[in-house]
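S.K.: Sequence:
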Amino acid sequence: MTPDADSFRALARSSPWRWRTVHLRARSSGWADVEAYVRRPDGLATRVGDQVRVETFPYDAELRRQRPVLRPDGLVAERPLRWWLVDDPIWRDYYWVAMLDPEELSHDVAIDRLREEELDGRPVWRADLTPQPGYEARCGGGCCELLFSEVSWRSEGNSRPLPQGTVFASHYDVALDVESGIVVRSLPVGAETPWLEVDVLEVDGPPPGWAQFEA
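So the sequence shown is numbered by my numbering: it starts at 288 and just counts up by one.
The hints are simulated quantities; they were obtained by calculation from the structure and are not laboratory data. Every residue, glycine too, gets a C-beta built ideally from N, C-alpha and C. Treat the hints with caution; some may be incorrect.
Label pairs and their computed distance ranges (CB to CB) [what the hints assert, rightly or not]:
no., residue 1, residue 2, range
1, Glu342, Ala478, 17 to 25 Å
2, Pro448, Glu342, 36 to 44 Å
3, Pro448, Gly336, 14 to 22 Å
4, Ala364, Arg400, 19 to 27 Å
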């Protein structure tokens, strides 16, 4: 499938229905490098250096049974209401949650230079993204948005003055992993604002030896 702006937006809202488990490595301006195994809906195992943490979380099974409206190509046209109540397990902050489920990139974002590429042998859809008025991050107001910008800073009723010397990126170079819908690159252009790089190691595979959940 050759992507266009509508299909890029659809992929951005499709992650919750494209995988059940993912094994990945992530690097960000705000985190230590982490290897993780995510098991939807309730499991998260992380390894930072020699520190391993394996956790399970409560979840709402009734909400999880809701189904999206799909497009003919299988991507999501419309998500169930209140899906944010069943977010993926969080690590560190909501930037992590937005990485795994980048629904915030599916609306009120200008999409330019959309292209098909490969990263580490995996197909991605990559584009230059610029947030527009109405962009609503999973956690905005200068906290955990994927596209940190003046638009996102003013969201959620944030009236705080900008920190002195703040420079916003002109746009973000963003890549979505086609199989999973996960953000694998979010790189600011023209400013040193938050950035993200992810290596998807395996989708819907067994956990690595260090990431064993209790039965």
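S.K.: Decide, hint by hint, whether the structure agrees.
M.R.: Evaluated hints:
no.	hint	in the structure
1	Glu342 - Ala478: 17 to 25 Å	violated, 34 Å
2	Pro448 - Glu342: 36 to 44 Å	holds, 37 Å
3	Pro448 - Gly336: 14 to 22 Å	violated, 37 Å
4	Ala364 - Arg400: 19 to 27 Å	holds, 24 Å
The structure fails hints 1 and 3 (numbered hints given earlier, in ascending order).
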